[in-house]
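Protein chains in written order, with this note's numbering: chain A, 568 to 943; chain B, 568 to 943.
These are computed hints drawn from the structure, not numbers from a lab. Careful, some of the hints might be misleading.
Since the list can't tell identical chains apart, any single copy or any two copies may satisfy a pair.
[To be verified] Cut-off 20 Å, straight-line C-alpha distance, at most; resulting in silico cross-link-like pairs (PhoX-like, lysine-lysine):
(1) K655 / K899
(2) K906 / K655
(3) K654 / K899
(4) K927 / K906
On a predicted model such as this, the values are computed, not experimentally measured, just so you know.
Number of protein chains: 2
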Amino acid sequence: MKFKIKSNYFAKGINIVSKALSTKTPMPILKSIKISTSNQGITLMASDSNITIKYFLPTEDHDTTKIFVEEEGEAAVPGRLMLDMLKKVTDENIEIALYENKFIKVNFGHSDYTLNCLDVREYPDISLISAENPIPINIADLNELIKQTSISISLSENRPILTGINFKLENQMLTCIATDSYRLSQKMIQLDNNTSEPLNIVIPGKSLIELEKILSGMSGNVELHSTPNIVSFKINNLTFQSRLLDGNYPETSRLIPKEFGLTTEFNRSELIHVIDRVSLLSREGATNIIKFDIYDEKTIVSLDSPEVGRVVEELHSTSQEGSPIRIGFNSKYLLDALKVLESEVIKIQFTGEVRPFILKTDDDSVIQLILPVRIE
Amino acid sequence: MKFKIKSNYFAKGINIVSKALSTKTPMPILKSIKISTSNQGITLMASDSNITIKYFLPTEDHDTTKIFVEEEGEAAVPGRLMLDMLKKVTDENIEIALYENKFIKVNFGHSDYTLNCLDVREYPDISLISAENPIPINIADLNELIKQTSISISLSENRPILTGINFKLENQMLTCIATDSYRLSQKMIQLDNNTSEPLNIVIPGKSLIELEKILSGMSGNVELHSTPNIVSFKINNLTFQSRLLDGNYPETSRLIPKEFGLTTEFNRSELIHVIDRVSLLSREGATNIIKFDIYDEKTIVSLDSPEVGRVVEELHSTSQEGSPIRIGFNSKYLLDALKVLESEVIKIQFTGEVRPFILKTDDDSVIQLILPVRIE
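With the hints as extra help, turn the sequences into a complete structure.
Right, dumping it as structure tokens:
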């Protein structure tokens with residue numbers, strides 16, 4: 568294997584696939600990026616056995632020759648090192664050649680690297696799936712689905728299914744749900760011109776967070792391919808594949824209240840500001856339970872921490888309709904939800920002191936739900 | 568104790584003294600900032616028992632009343648919390664009052680904090696020293712002395728004296744030296760109009776690094792006061808006091824070579840770029856020893872790492888006079904020295920393969936010395 572390539576073109580590809588590189592793995596070969604060259608271009612692949620990313624760099628890009636393949640072949644190159652090295656290359660061209668299946672030479676400018684490689688024949692054979700009827704999703708929509716729901720993914724492995732995001736497609740409506748059983752996020756997207764079969768899968772949250780990073784800044788549609796165990800997102804030369812989580816996602820629709828005893832509206836930045844400031848005491852102390860006392864057009868936010876002290880702030884609500892309430896909850900959950908709900912006005916709707924409350928914006932397709940805690 | 572104060576004025580003072588707050592301490596009171604109010608203004612003090620910082624905020628500043636003292640007194644307020652809280656205050660005024668020597672109330676806008684306090688009478692009595700003949704030092708000069716030498720402070724407690732910077736004053740010349748016994752940094756400053764006694768003290772590196780942070784951006788002179796165990800830097804309303812290290816600093820003047828077999832000159836940014844890139848392999852592998860081979864107008868930089876591979880780069884020297892050399896050394900030491908030597912041209916002078924070499928700029932007052940390692 569031997570080729571010359573424009574260094575920034577190569578760096579872009581290595582950067583994308585490196586998101587799937589293993590850091591800790593019982594298989595050292597998975598710390599490598601697999602490079603395969605042909606006359607059409609070069610293919611990069613990395614995998615941590617949960618996520619696999621394949622990226623194809625064509626020889627010609629925008630009518631410019633970006634790659635000169637001198638000798639076809641394959642190699643498994645040290646991934647992290649290639650990534651870090653390419654960040655420091657200022658020369659336009661870079662030459663890469665494999666010797667004896669044992670080391671690669673990387674040359675640019677006055678630099679001459681000889682890097683030890685593992686034998687590419689040890690690289691596991693990862694098959695990339697393809698569905699007959701892939702589901703097209705707009706990239707901006709998919710990123711919004713991930714951003715709105717990923718805050719509620721469970722970080723605990725107690726119930727592994729909750730570490731994923733549930734993707735449900737029914738009657739052209741794609742619904743994404745995540746819950747760690749203390750809060751829940753739900754976002755829906757109407758798919759256009761779609762005749763796909765119903766879908767109900769759980770994709771690991773970590774995979775989707777990496778996918779969102781890669782897709783941000785891209786536009787157009789991505790294709791969702793799924794099989795019983797694997798999901799794959801394809802766009803142009805990029806394939807992002809993830810294993811699915813096993814098991815049934817809990818039925819959550821009944822958790823979301825439909826009727827409310829109190830509906831309030833706040834200015835988002837003021838709300839963030841106050842909660843953030845009140846939460847200072849929780850960072851120093853042991854509790855992060857804040858209280859909302861809503862009555863007589865007032866919203867009093869307070870936090871008591873026996874070790875640190877007590878804070879009381881008055882928050883201005885732009886609208887308030889219904890019965891007074893006194894409710895306690897984890898301030899972090901509220902801040903997380905407010906960070907992703909990008910709207911000037913935030914509506915918070917309460918049902919009761921021990922019943923979940925929800926945050927919404929003008930956009931009805933997204934709901935952030937938080938379970939309160941009992942307070943004295 | 569009760570006062571009103573402009574919040575940004577207070578925040579500036581709290582920010583400065585907080586640099587001396589203890590994070591881990593057997594004395595919980597040292598996590599507090601001591602506030603003392605009088606008609607003239609308020610005094611803030613914090614100490615971690617090594618460093619003590621006192622800062623006085625006068626009632627009037629630039630002909631504006633910044634503080635209204637309603638009740639004189641003292642309090643020990645939670646330092647970290649006050650610092651964090653003040654970062655989040657957007658209101659112009661803040662009101663602080665002590666109750667029952669047990670808690671303070673902090674009020675601004677619609678916020679009402681009640682914070683637990685320790686009894687200020689438990690705060691240790693820290694005396695601030697004052698010398699009869701303090702040494703005036705220009706702040707920019709002092710910051711440069713610290714910046715140039717602090718890279719060579721020892722991080723190991725094996726020889727505690729080497730964790731400090733040696734300040735020596737003789738015949739109006741202030742010399743600062745730091746060495747961790749693998750490298751040495753020396754910077755000299757000529758003091759004007761100074762009739763001070765000779766001085767030879769060792770100030771903890773950590774103290775000086777904090778001092779440099781506080782002084783950066785200030786101008787004018789700072790006064791150095793010293794007693795056998797304590798040094799104090801005073802400027803306007805600020806006192807920064809540190810204990811001194813006990814013991815004699817090693818005599819280092821004979822370590823610095825005066826005659827050289829080879830003198831080379833490099834462009835600084837190119838040199839940094841190449842060393843940085845070659846060092847990539849050291850981050851992945853076990854060794855960070857790079858080699859310079861200088862001969863026939865060439866400088867070959869290389870690094871061998873049995874696990875990772877080998878890199879060879881050719882570096883362009885702008886001038887080269889003397890005999891060829893092949894020398895190995897820790898690349899981190901060279902990068903550290905290059906980061907603080909801010910000059911387009913860097914002169915490196917060698918004496919022999921196992922003898923220290925030095926880095927210089929056009930400015931003769933600073934020397935960075937590195938000990939090589941034996942290479943095969």
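These are the hints, each one checked on the structure:
1. Taking the shortest alpha-carbon separations for K655 and K899, only the inter-copy value of 17 Å comes in at or below 20 Å, while the best intra-copy value is 39 Å.
2. Within a single copy, K906 and K655 get their C-alpha atoms only as close as 34 Å, which misses the 20 Å cut-off; across copies the closest is 17 Å, which meets it.
3. Taking identical chains as interchangeable, the C-alpha atoms of K654 and K899 lie at most 20 Å apart only when they sit on different chains, with a minimum of 19 Å there against 36 Å within one chain.
4. Taking the shortest Cα distances, K927 and K906 sit within 20 Å of each other inside one copy (12 Å), while across copies they are farther apart (50 Å).
Of the hints listed earlier, there is not a single one the structure fails to meet.
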